[in-house]
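Protein chains in written order, with this note's numbering: chain H, 1 to 154; chain G, 1 to 154; chain E, 1 to 154.
There's no promise every hint is true.
Covered by chain G, according to a simulated footprint, are these stretches of chain H (three or more residues, beta-carbon under 8 Å) [claimed, not checked]: (1) 19–28; (2) 40–53; (3) 116–129.
Residues of chain H placed beyond 12 Å of chain E at every Cβ, according to the derived structure [claimed, not checked]: (4) T59; (5) R62; (6) E66; (7) T83; (8) E85; (9) L104; (10) T140.
Please keep in mind that the hints were generated in silico from the structure rather than gathered at the bench. Since the model is a prediction, treat every value here as computed from it, not as a measurement. All C-beta atoms in this analysis are idealised placements derived from N, C-alpha and C, irrespective of residue type, glycine included.
Single-letter residue listing:
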Amino acid sequence: MDPAQRLEAIEEIKQLKARYFRCLDTKDWDGFADVFASDARMDMSGEVKGDEPGAGITTGSREITEFVRAMVGHVTTVHHGHTPEIDVTSPTTATGMWAMEDTLRWPDGGPLATMHGYGHYHDTYEKRDGRWRIASTTLTRLRVDVEAVPRPDA
Amino acid sequence: MDPAQRLEAIEEIKQLKARYFRCLDTKDWDGFADVFASDARMDMSGEVKGDEPGAGITTGSREITEFVRAMVGHVTTVHHGHTPEIDVTSPTTATGMWAMEDTLRWPDGGPLATMHGYGHYHDTYEKRDGRWRIASTTLTRLRVDVEAVPRPDA
Amino acid sequence: MDPAQRLEAIEEIKQLKARYFRCLDTKDWDGFADVFASDARMDMSGEVKGDEPGAGITTGSREITEFVRAMVGHVTTVHHGHTPEIDVTSPTTATGMWAMEDTLRWPDGGPLATMHGYGHYHDTYEKRDGRWRIASTTLTRLRVDVEAVPRPDA
Numbered sequence: 001m002d003p004a005q006r007l008e009a010i011e012e013i014k015q016l017k018a019r020y021f022r023c024l025d026t027k028d029w030d031g032f033a034d035v036f037a038s039d040a041r042m043d044m045s046g047e048v049k050g051d052e053p054g055a056g057i058t059t060g061s062r063e064i065t066e067f068v069r070a071m072v073g074h075v076t077t078v079h080h081g082h083t084p085e086i087d088v089t090s091p092t093t094a095t096g097m098w099a100m101e102d103t104l105r106w107p108d109g110g111p112l113a114t115m116h117g118y119g120h121y122h123d124t125y126e127k128r129d130g131r132w133r134i135a136s137t138t139l140t141r142l143r144v145d146v147e148a149v150p151r152p153d154a
Numbered sequence: 001m002d003p004a005q006r007l008e009a010i011e012e013i014k015q016l017k018a019r020y021f022r023c024l025d026t027k028d029w030d031g032f033a034d035v036f037a038s039d040a041r042m043d044m045s046g047e048v049k050g051d052e053p054g055a056g057i058t059t060g061s062r063e064i065t066e067f068v069r070a071m072v073g074h075v076t077t078v079h080h081g082h083t084p085e086i087d088v089t090s091p092t093t094a095t096g097m098w099a100m101e102d103t104l105r106w107p108d109g110g111p112l113a114t115m116h117g118y119g120h121y122h123d124t125y126e127k128r129d130g131r132w133r134i135a136s137t138t139l140t141r142l143r144v145d146v147e148a149v150p151r152p153d154a
Numbered sequence: 001m002d003p004a005q006r007l008e009a010i011e012e013i014k015q016l017k018a019r020y021f022r023c024l025d026t027k028d029w030d031g032f033a034d035v036f037a038s039d040a041r042m043d044m045s046g047e048v049k050g051d052e053p054g055a056g057i058t059t060g061s062r063e064i065t066e067f068v069r070a071m072v073g074h075v076t077t078v079h080h081g082h083t084p085e086i087d088v089t090s091p092t093t094a095t096g097m098w099a100m101e102d103t104l105r106w107p108d109g110g111p112l113a114t115m116h117g118y119g120h121y122h123d124t125y126e127k128r129d130g131r132w133r134i135a136s137t138t139l140t141r142l143r144v145d146v147e148a149v150p151r152p153d154a
């Protein structure tokens, strides 16, 4: 690939991830599903309590969308991505790391009042039928702060 | 436009919006006015209380600067923009969406103590006389948290 | 430089600064040292209390790494960079400004509980032996909020 083609791929991948964040926070679930390859893999095992093998790991763009929607569809979420390090490894494959911050506020009756976290996404991307999509994504954390639900008697 | 020209326009627009944020937060009002087209339109109707038609909508780079300066010129502000989705629609026109977060702290005597918000800018850009400028900008919100001024008797 | 070469330099510098942030927050000190020119200069004089001349100013990639590691090696840190304004001034020199936000949490016994700040980096970059590196970096602040350590009797 010549420099302009490589830079074009990087910009397309940045905008792909931008749609991931925007569709997630505006609850545009059709748009959200569309950023993933049909056989994409999401590893949120660090986010999910529980010891069963494979907990928090989801495969398939539709399954990922259903998993995420069940977790935060009713939650006011803000997810921001920063300083991407995109490496285009071939005309149809790339890797990326993103710094991230997320701020969640549950409605009354939720398991928590708020959560505020920081970490990194570790992604792979694939270009199929002329469009880049997220092929895999794993979230690691630097720090998570939670605010518990006030007790009724507090 | 060839790929390099399109990427160059995208980078120029990213730096244009970067100046918007930096000049706003460092109170460089000449620099701030300069990022807008002379007939630019700013829609902050979601930020402004009041039912009168057109409240929060301002037209003209000078008028926008005066409007913003009156609102936050004396406030410690931090505005950050994230994951731009810039679409160059012709050699002289483009659209853009930006995720955003702002943190404001009023001096003593202000209407609030702090405000912390999250949302998206929906922009259009135009290139005139060889330079990109913001032609219109509208802010929508995901969430706003305010901290009221402590009451004197608290 | 032609447009594609200039854009390539800008993207390389963005990823250079991305490594600065990521290595700092994941405590990858070899990676951190590697983003600086061997004779780089870091000006954190605004961060350091004390009146002695040169306080907070450090020269040399190894010395910078030791200085930063002593300050925050044991602290949970999050540093995010936003909306870079990179200006490539020659094939081997560039300047850059970045909006920034940092969130620090000290372990028990630290001088503070948490610090949350906002500001701008003012950088210069140099390309040597085919790679861009940070030649100088100065941090200015818009706002810093600190949370003191709770007193034992509180």
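Comparing the hints with the structure gives:
1. 19–28: This one holds; 5 residues, not fewer than the three required, reach chain G with a Cβ under 8 Å.
2. 40–53: violated (count 0)
3. 116–129: That given contact is violated, which follows from only 0 residues of the stretch 116–129 of chain H lying within Cβ reach (below 8 Å) of chain G.
4. T59: Correct as stated: the minimum Cβ-Cβ distance to chain E is 27 Å, above 12 Å.
5. R62: About 32 Å separates R62(H) from the closest Cβ of chain E, which puts it past 12 Å; holds.
6. E66: Its Cβ never comes within 12 Å of chain E, the nearest being 30 Å, so this holds.
7. T83: Incorrect as stated: the minimum Cβ-Cβ distance to chain E is 4 Å, not above 12 Å.
8. E85: Given that some Cβ of chain E is not farther than 12 Å from that of E85(H), nearest at about 5 Å, it is violated.
9. L104: The claim holds: L104(H) sits with its nearest Cβ about 17 Å from chain E, beyond 12 Å.
10. T140: Violated, because the least Cβ-Cβ distance between T140(H) and chain E comes to about 9 Å, which does not exceed 12 Å.
Taken one by one, the earlier hints fail for this structure at numbers 2, 3, 7, 8 and 10, listed in ascending order.
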